[in-house]
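Novice: The lines below spell out each chain.
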Amino acid sequence: MTATTGFWADPRLRRFRPQSRHIPVLATLALIVGMYGAGAAQYRAFSDGQVILNIFIDNAFLLVVAVGMTFVILSGGIDLSVGSVVALSTMVSAELLEHRGWPAFIVLPVVLAIGSLLGFAMGCIIHYFEIQPFIVTLAGMFLARGLCYTISTSSIPITDSFWTSLAQEKIRFGGYYISPSVVIALIVVLVGIYVLGYTRLGRSTYAVGGNPNSALLMGLPVGRTKISVYTISGFCSALGGVLFSFYTLSGYGLYGVGLELDAIAAVVIGGTLLTGGSGYLVGTVLGVLVLGLIQTLIIFDGRLSSWWTRIVVGVLLFAFILLQRIIAIRKK
Amino acid sequence: MRATLSTMSKHRLFWPVAVLVVLLLSNLAFTPGFFRIEVRQGQLYGSLIDILRFGAPLILVALGMTLVIATGGIDLSVGSVVAISGALACFLISKEADQNAFSGVVWAVALSLVLALVLGLWNGLLVAGVGIQPIVATLILMVAGRGLAQLITNGQIITINSSPYEVIGTGYELGIPIPVYIAAVVAAAAVLLTRRSALGMLIESVGGNAEASRLSGIRARQIKLMAYVFCGLCAGIAGLIVSSNVHSADGNNAGLFIELDAILAVVIGGTSLLGGRFSIGGTVLGALIIQALSTTIYTIGVPPEITLLVKALVVTAVCLIQSPAFRAKVFHRRSRPPAQAPADEQPKVEVPV
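In order, the protein sequences belong to chains A and B.
Heads up: the first sequence at position 112 corresponds to 112 in the working numbering, and the numbers run straight through without jumps.
Heads up: the second sequence at position 250 corresponds to 250 in the working numbering, and the numbers run straight through without jumps.
Rather than coming from a laboratory, the hints here were simulated on the basis of the structure.
Please note that a few of the clues may not be correct.
Said to hold, decoys possible - Here are a few chain A residues that face chain B, going by a calculated C-beta distance under 10 Å:
1) Gly-49
2) Leu-53
3) Asn-54
4) Phe-105
5) Leu-108
6) Ile-125
7) Glu-130
8) Tyr-149
9) Arg-310
Cβ coordinates follow ideal geometry from the N, Cα and C atoms, glycine included.
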């Protein structure tokens, strides 16, 4: 990537030449600008800033889940259990609040602990017994869904005052509003960016994802990093589940079916390499934004049916994976 | 007696067979007539026949998955392919003037299978041609495929009323359901192709080490491509059976989670997820175990949702037993002391000699 020909030959321009690891994120950014521009040009109401804020309000839980997924994918793994853990969290919250009458301030830590514990257990099995993350988290996915159904097979509405007040709360500023969930999601993103960029855990996550053997030879705690990453993902899924129960005010075992795919798609579209070792949380935020924009555009259009969302997401996934592949080949 | 037992338990298929037998026998305690097979109007009826009949789509999908996993890959898109092929067949038949016309049904079935082949080819090209990791490459079709299936059905459940098409899923011949024949034929073809020709060995070689196989003159890419195409075809046939069984195509729910069950069946059957060794007989047994498990849970009267919990425990246990690291950590500790003891005694033995 040091060839200086063509457009970048000019030394004044070379300073602005994007690094190859930034290209996927920049491509996503360009995609968002393009999609937003196209939407704004076609529909007058689309240019309203509230449209963007609504995307965040509707996808706050996905954002939190995707942050956890980013950690896992950066470390070279994958977590298929996130959707079920989201469902389990809504279910446990609803059960404890409504049927057991536990207060909200006890339920919250319990739910988050359950999610983290599940992630921790999966991380331990992956690391100590050297089983592929894919199959371990698949088992975790079955387990969490199964646990949901042992609680109840039907939907449980939540009427707890803390939950309803958070669900109805709107944080207003200058004519716009966001929900508390968005604030929580953004805090999670900021903490995630800090951890990935400025702590030992974050740096070793990149190192383990880049090459676990080199990381081990460098003396990095590979095992601890792997287990931490899955614990973080479990925690984020549980928190995502809590945010989802704020959004729907109910618990149900069928929530979040296929959510793991959306989270993986958001991470990949956000430019994180699926082989691990390269990517940014900012990209994941942009990836979630892309998914939200697709949904919004299709709703605004009105003629296209919702299943086009899946097809467009599939096409985008393909495009970005191909882009990653091309960058990887050019690096060689 | 003891010797035969220990040689039997060393056979690769011993554990799957044992699990299946225990599962089926445990049903006797709850439903005394579990093994009874009746003949009604020239057709066989009974729980065992039901397990075979409803297990047929899973067996088919798992067969394709076995070859893909044996080459060191994985195919997550089979559920979507099941939905797409069923959707296309039902869509084509619903457009016919006479839904009962034999030629129209053959045409619809053929087109659906061709589409399934093309989808398998797409996966294969991404994995073997472009060099994308299998999980990721097939994830694309898994996500987009459901959308495609709904595009074909226009988001609705297409119901058809075509007697030739219904034969595929609900028909009987010589008292045995047609899906069982289809699964048996495909399984036999797979066994013949892989074990009576060099193909099976080539697949195992590619799964063991694709680069080394390529250097020793095996066309690793073609072998991988072929595995994905076969997997697509199997999923396509399964999709026809599933949709024919319910006389309709549901783009959303047809074949939902079948990829997970198929992977589970392959793993239970003793095929390593790392690729290399595979066992088609084991896969068929694995698929039957999963179907028997579902049936058992229904007949015992436990809420069917518990199936997921049981599957989670089964998959964890099987993977742990397969994992060399787990065996080393858990079983070695016990077997090491006797191994060391003779080493200590050796000098004592040598002295008198």
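Novice: Next step is simple, just say for each hint if it's right about the structure.
Specialist: Do the hints match the structure? See the list:
Checking Gly-49/A against chain B by beta carbon gives a least distance of about 30 Å; that is not within 10 Å, so the hint is violated. Below 10 Å, beta-carbon pairs count as interface contacts, and Leu-53/A has none with chain B, the closest being about 27 Å; its hint is therefore violated. For Asn-54/A, the interface hint is violated, since its Cβ never comes within 10 Å of a Cβ in chain B; the closest pair sits about 23 Å apart. A least Cβ separation of about 30 Å between Phe-105/A and chain B goes past the 10 Å threshold, and the interface hint is therefore violated.
Interface restraint check: Leu-108/A against chain B, minimum CB-CB distance 25 Å, threshold 10 Å, status violated. Given the 10 Å rule on beta carbons, the hint for Ile-125/A holds: about 7 Å separates it from the nearest Cβ of chain B. For the restraint placing Glu-130/A at the interface with chain B, the shortest Cβ-Cβ distance is roughly 4 Å, inside the 10 Å limit, so the hint holds. Here the hint on Tyr-149/A is kept, as its CB sits about 3 Å from the closest CB of chain B, short of 10 Å.
The criterion of a C-beta within 10 Å of any C-beta in chain B is met by Arg-310/A, whose closest approach is roughly 3 Å, and the hint holds.
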